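Chemist: So the chains spell out like this:
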Amino acid sequence: AQKVTQAQTEISVVEKEDVTLDCVYETRDTTYYLFWYKQPPSGELVFLIRRNSFDEQNEISGRYSWNFQKSTSSFNFTITASQVVDSAVYFCALSEETSGTYKYIFGTGTRLKVLA
Amino acid sequence: NAGVTQTPKFRILKIGQSMTLQCTQDMNHNYMYWYRQDPGMGLKLIYYSVGAGITDKGEVPNGYNVSRSTTEDFPLRLELAAPSQTSVYFCATTGGETDTQYFGPGTRLTVL
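First to last, the protein sequences are chains A and B. For the first sequence, the numbering used here gives the first residue as 2, with consecutive numbering after it. For the second sequence, the numbering used here gives the first residue as 535, with consecutive numbering after it.
Rather than coming from a laboratory, the hints here were simulated on the basis of the structure. These figures come from a predicted structure and were not determined experimentally. Heads up, a few of these hints could be off.
Claimed, not checked - In silico negatives: residues of chain B with every beta carbon more than 10 Å from chain A:
# : residue
1 : T554
2 : D560
3 : K578
4 : A586
5 : Q635
Said to hold, decoys possible - Under the rule of at most 27 Å between Cα atoms (straight-line distance), these lysine-lysine pairs were calculated in the DSSO-like manner:
#  : chain 1 : residue 1 : chain 2 : residue 2
6  : A       : K17       : A       : K114
7  : B       : K578      : B       : K548
8  : B       : K548      : B       : K591
9  : A       : K39       : A       : K114
10 : A       : K4        : A       : K114
11 : A       : K4        : A       : K39
12 : B       : K578      : B       : K591
13 : A       : K71       : A       : K4
14 : A       : K114      : B       : K543
15 : A       : K104      : B       : K591
16 : A       : K104      : A       : K4
17 : B       : K543      : B       : K578
18 : A       : K39       : A       : K71
19 : A       : K4        : B       : K578
20 : A       : K39       : B       : K543
21 : B       : K591      : B       : K543
22 : B       : K548      : A       : K39
23 : A       : K104      : A       : K17
24 : A       : K104      : B       : K543
25 : A       : K4        : B       : K548
26 : A       : K104      : A       : K71
27 : A       : K17       : A       : K39
28 : B       : K591      : A       : K114
29 : A       : K71       : B       : K578
30 : A       : K104      : B       : K578
As the list claims (entries may be wrong) - Chain B is faced by these chain A residues, among others (derived, beta-carbon under 7 Å):
#  : residue
31 : R51
32 : T109
33 : G110
By construction, the Cβ of each residue, glycine as well, lies at the ideal position given by its N, Cα and C atoms.
Kindly generate the complete structure, drawing on both the sequences and the hints.
Modeler: Okay, here's the thing in structure tokens:
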């Protein structure tokens, strides 16, 4: 079973629509970390957010917001009033301890297309 | 500060050739990582290092080797390139193992 599941392979929205990208994770650890990265068409990986397992407070940063729910093992990402520049692949990642050190496990990504 | 730099940006290899992908960071971070990203997939960990002189295998180490003689540099060596190694390779670094990883711009490698 995948440890980080991003079930939405591709989403298309029209500019100004809101869109939510889902991320479901699986871990037995009580201490772990969750991340979102953006990969625009240029290919680099841009860090968006880091959240530890003890902080379930939702976070808002401009048009971006994140909803972390331990009860459902989800860490969803919402873009409000989407723009064409939001078009990218978005990756969710889980960092948990494996063989004595923390390592990232990435989901397969969600490709977001924002149409003008 | 340049952050994390990777060279080359692109490379085409013939089957059986060897090459070294370079990764350099100026953030004075102890932890460094090599990932590969195959089309439509997430990133998979090849090797990582927790400091100079210390390296360990990740999820997909076969066909690769690494060394870490300095804090700044973490080269990835491909011996006997195979078409299955066609991928985009990312180097990453972090100051602490639970901290955020920051990625280089990637190297796109094609093996024909």
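Chemist: All the hints need checking, so say for each whether the structure fits it.
Modeler: We went through each hint and held it up to the structure:
No beta-carbon of chain A comes within 10 Å of the beta-carbon of T554 (chain B); the shortest separation is about 21 Å. For D560 (chain B), the shortest C-beta to C-beta distance to chain A comes to about 17 Å, beyond the 10 Å cut-off, and the non-interface label holds. Not every Cβ of chain A is farther than 10 Å from the Cβ of K578 (chain B); the closest lies at roughly 8 Å, contradicting the non-interface assignment. With a minimum CB-CB distance of about 16 Å to chain A, A586 (chain B) clears the 10 Å threshold, and the non-interface call stands.
Not every Cβ of chain A is farther than 10 Å from the Cβ of Q635 (chain B); the closest lies at roughly 6 Å, contradicting the non-interface assignment. A distance of roughly 12 Å separates the Cα atoms of K17 (chain A) and K114 (chain A); the hinted pair therefore holds under the 27 Å criterion. Of the pairs offered as hints, the one joining K578 (chain B) and K548 (chain B) holds, with about 23 Å between alpha carbons and a cut-off of 27 Å not exceeded. Proximity of K548 (chain B) to K591 (chain B) is assessed by CA-CA distance (about 25 Å); at most 27 Å being required, the pair is judged to hold.
Taking the CA atoms of K39 (chain A) and K114 (chain A), the gap is about 13 Å. The hint holds against a cut of 27 Å. Taking the CA atoms of K4 (chain A) and K114 (chain A), the gap is about 25 Å. The hint holds against a cut of 27 Å. Proximity of K4 (chain A) to K39 (chain A) is assessed by CA-CA distance (about 19 Å); at most 27 Å being required, the pair is judged to hold. Note on K578 (chain B) and K591 (chain B): the hinted pairing holds, with a Cα-Cα distance of about 12 Å set against a maximum of 27 Å.
Distance check on the hinted pair: K71 (chain A) and K4 (chain A) sit about 14 Å apart at the alpha-carbon level, within 27 Å; holds. Pair hint K114 (chain A) plus K543 (chain B) holds up; C-alpha atoms about 26 Å apart against a cutoff of 27 Å. Of the supplied pair hints, the one linking K104 (chain A) and K591 (chain B) holds, its CA atoms being roughly 11 Å apart against a limit of 27 Å. For a cut-off of 27 Å, the pair hint linking K104 (chain A) to K4 (chain A) stands: about 12 Å separates their Cα positions.
As the CA atoms of K543 (chain B) and K578 (chain B) are separated by approximately 19 Å, the hinted pair is consistent with the 27 Å bound. Between K39 (chain A) and K71 (chain A), the direct Cα distance comes to roughly 23 Å. Compliance with the 27 Å bound is thereby established for this hinted pair. Simply put, K4 (chain A) and K578 (chain B) have alpha-carbon atoms about 13 Å apart, close enough for the 27 Å limit, and the pair holds. Distance restraint check for K39 (chain A) and K543 (chain B): the Cα-Cα separation of roughly 19 Å lies within the 27 Å cut-off, and the hinted pair is therefore satisfied.
As the CA atoms of K591 (chain B) and K543 (chain B) are separated by approximately 24 Å, the hinted pair is consistent with the 27 Å bound. Between K548 (chain B) and K39 (chain A) the CA atoms are separated by roughly 32 Å; this puts the pair beyond 27 Å, and the hint is violated. In summary, the hint linking K104 (chain A) to K17 (chain A) is not supported, as the alpha carbons are separated by about 36 Å, beyond the 27 Å threshold. Of the supplied pair hints, the one linking K104 (chain A) and K543 (chain B) holds, its CA atoms being roughly 25 Å apart against a limit of 27 Å.
Pair hint K4 (chain A) plus K548 (chain B) does not hold up; C-alpha atoms about 35 Å apart against a cutoff of 27 Å. Distance check on the hinted pair: K104 (chain A) and K71 (chain A) sit about 20 Å apart at the alpha-carbon level, within 27 Å; holds. Between the alpha carbons of K17 (chain A) and K39 (chain A) the distance comes to roughly 19 Å, so the proposed pair stays at or under 27 Å and holds. The suggested pairing of K591 (chain B) with K114 (chain A) is violated, with an alpha-carbon distance near 36 Å, which exceeds 27 Å.
About 25 Å separates the Cα atoms of K71 (chain A) and K578 (chain B), which keeps this hinted pair within 27 Å; it holds. Of the pairs offered as hints, the one joining K104 (chain A) and K578 (chain B) holds, with about 10 Å between alpha carbons and a cut-off of 27 Å not exceeded. Annotation: R51 (chain A) was flagged as interfacial toward chain B, and the flag holds, the nearest CB pair being 5 Å apart, inside 7 Å. The restraint placing T109 (chain A) at the interface with chain B holds, with a minimum CB-CB distance near 5 Å, inside the 7 Å limit.
The interface hint given for G110 (chain A) is met, as the beta carbon of that residue sits about 6 Å from the closest beta carbon of chain B, less than 7 Å.
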